[in-house]
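Here the protein sequences come in this chain order: V and C.
Per the working numbering, the very first residue in the first sequence carries number 137; after that it's consecutive.
Per the working numbering, the very first residue in the second sequence carries number 3; after that it's consecutive.
Some clues are possibly wrong.
Under the rule of at most 25 angstroms between Cα atoms (straight-line distance), these lysine-lysine pairs were calculated in the DSS-like manner [as the list claims (entries may be wrong)]:
hint, chain 1, residue 1, chain 2, residue 2
1, C, Lys-448, C, Lys-370
2, C, Lys-204, V, Lys-195
3, C, Lys-370, V, Lys-179
4, C, Lys-445, C, Lys-370
Bear in mind the hints are in silico, worked out from the structure with no lab data behind them.
In case you want the letters, here they are:
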Amino acid sequence: MVSESVLFGPGFWGPVVATAALLLITAVGWLILIGGRRITKAKPSAGKIQTYACGETLKAEEAHVDSEQFFSTISRVFRPFYRYVRPGHTGVLSTYLFWVVVGLIIILAAIAVVLR
Amino acid sequence: MIPHAPILAIVLPLFAAFLMPVVGILARRRGIKRAREWFAIAAVLVELVIVVSMLPVVWGEQILVYQLGGWQPPWGINLAIDGLNLFVAVIVAGISALVVIYSFVCMERDTGLDQYYTLLFLILAGMMGVALTGDIFNLYVFFEIMCISSYALVAFRRKWQSIEASIKYLIVSSLGTSFILLGIALLYGMVGSLNIAHLAQKLPLEPTSAIIVPLALFVTGFGIKIAMVPLHMWQPDAYQAAPSAVAALFSGATATIGIYAMVRVVYTLFGAFAIGIMLAALGLVTMVLGALMALTQRDLKRLLAYSCISQIGYVLLGIGLGTVLGVQGGLFHLFNNAIYKTMLFMIAGAIIYRVGTSNMDRLGGLWKNMPVTAMLFGVGALAISGVPPFNGFASKWTIYVAGIEAGQPVFTIIALIMSALTLAYFLKALNSIFLGQRPTHLKNVKETPLFMLFPIVLLAALCVIFGVLPQLGIDIVRPAQEALMNSGGYISAVLGGA
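Next comes chain V alone, as it looks inside the complex (with noise of 0.2 angstroms):
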């Protein structure tokens, strides 16, 4: 059977009473932290808190993970895609145009095909 339209409403999913279930966990799980942080008061020594790489101290500017590297494991994974997609996207404008002319040809096929 084809819908009409979805109904949001308090069927499948009711939004305003999730909405309301969201807030009130939220509300829960804020209280468990805060009690959590009351029972048990971190006295954290100034060496535990130091940043630890290498016996170094970093400086708060050095502590940031690259923002390229972010997902490292899930670039891995499309590896093919970085490795031929990618290098299309240099910003030379040739490249852009010959794309272009690629989407022209191939919207050009599809059409032909489904229209015929």
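Dock chain C against chain V, hints included.
Only chain C this time, still in chain V's reference frame:
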């Protein structure tokens, strides 16, 4: 409805654009500060009122046909306003109003603001023209007005990077508009008319083979504007180089216009619902490529530009499915995307305004300095990732259901995975900018100015409202979906008994 509202919606920004330098000169001579900005805000708010005044008539299932010079279509030029183009016009007017308010502070350090506001209003006039016209050649002319103003605005700061991006955008986009013009010429040669309704009436009589080339030219031409893969490459460069207010306008309003023009031509003019599956497939590719490219970006604006490409993929997927639910989902996502993408670019602009860079590797720990901005970024990030209870969830959910109902569960699975990737790259951005250790040089950074914060808060509120009350969004979108799927009604309303 305000009398003559359809033509006023186009003429008002056009006049405001040409009056802007005069207002600027008079304000300088008389020593009135910010007169130009206040004039711009007043003009864009009046524009919004004019557009909104048409809603009761059009939502009352009436198609407004405004004949210019009293000439009957197809002989004269007419403006034809149904649920679809009014929906788009409201988005455009609303986003433009917020961008002009945002520019008040965001652009205060720039010079040449007479030209800036002139170009901004020219873009608005162009967008309104594209949205409201019932004539395909007029649509092209207004599209060109919008595009040419956009090229100039990308290069507005006249830095090497912005000029280079603008030239690339100009060349690629001009190729696209040439395709559109060629498509119009071919249609005119075949049918001998430029009226969209008249063309839609006559084209089914032409052999299918004759419409393949013009249809492909139109899809490619508008595909460049909406940055559909593989025609997308100009967009990250242009969005990164443009002032943030301009990038916000592009992402929220001009992208919406591009999608409108494409669906109006493909579905209404050609009645080519059959190529919907091709649009859905291209939408999937666009979605995947945009998300994977966004994942490895260092610059926030560039990340947002790729994210824009990815989200347009969702819109194309929904609309391409061609079912009631798919079109509803696609249009709802278009509406939501305009809200949160504009908001996210505005936040990027606020960060640049305060810190001077959008390079995420040079940021961090800004939560302490900009808590409200950080919270709003969180709202935008969750909304665009489709996390409940924000608006992105409602539209993406509709698209997922539409995919399964249309017998394309693989499309839904890919869209779901890309949603997870969207959350991943926005969490990266959130972490790099607002969390972690704060570099010493960012110690004295202040919160976003209130005047800049106002439009962002408003958009964030919309993200929550349409997330918690998605039925309201569906109700807004439904007249647009019904108009898009009822070409016959559009044709008979414009041509009458002709």
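Inset, instruction - Decide if the proposed pair is consistent with the structure: Lys-445 of chain C and Lys-370 of chain C, CA atoms, cutoff 25 angstroms inclusive. - result: 9 angstroms, holds
Inset, instruction - Could you grab the alpha-carbon distance between Lys-370 of chain C and Lys-179 of chain V and see if it respects the 25 angstroms cut-off? - result: This hinted pair holds, its Cα atoms lying about 23 angstroms apart.
Inset, instruction - Take a quick look at whether Lys-448 of chain C and Lys-370 of chain C sit within 25 angstroms of each other, Cα to Cα. - result: The given pair, whose Cα atoms are some 10 angstroms apart, holds under the 25 angstroms limit.
Inset, instruction - Verify the proposed pairing of Lys-204 of chain C with Lys-195 of chain V, using a straight-line Cα cut of 25 angstroms. - result: 71 angstroms, violated
Consistency with the previously given hints fails for number 2 only.
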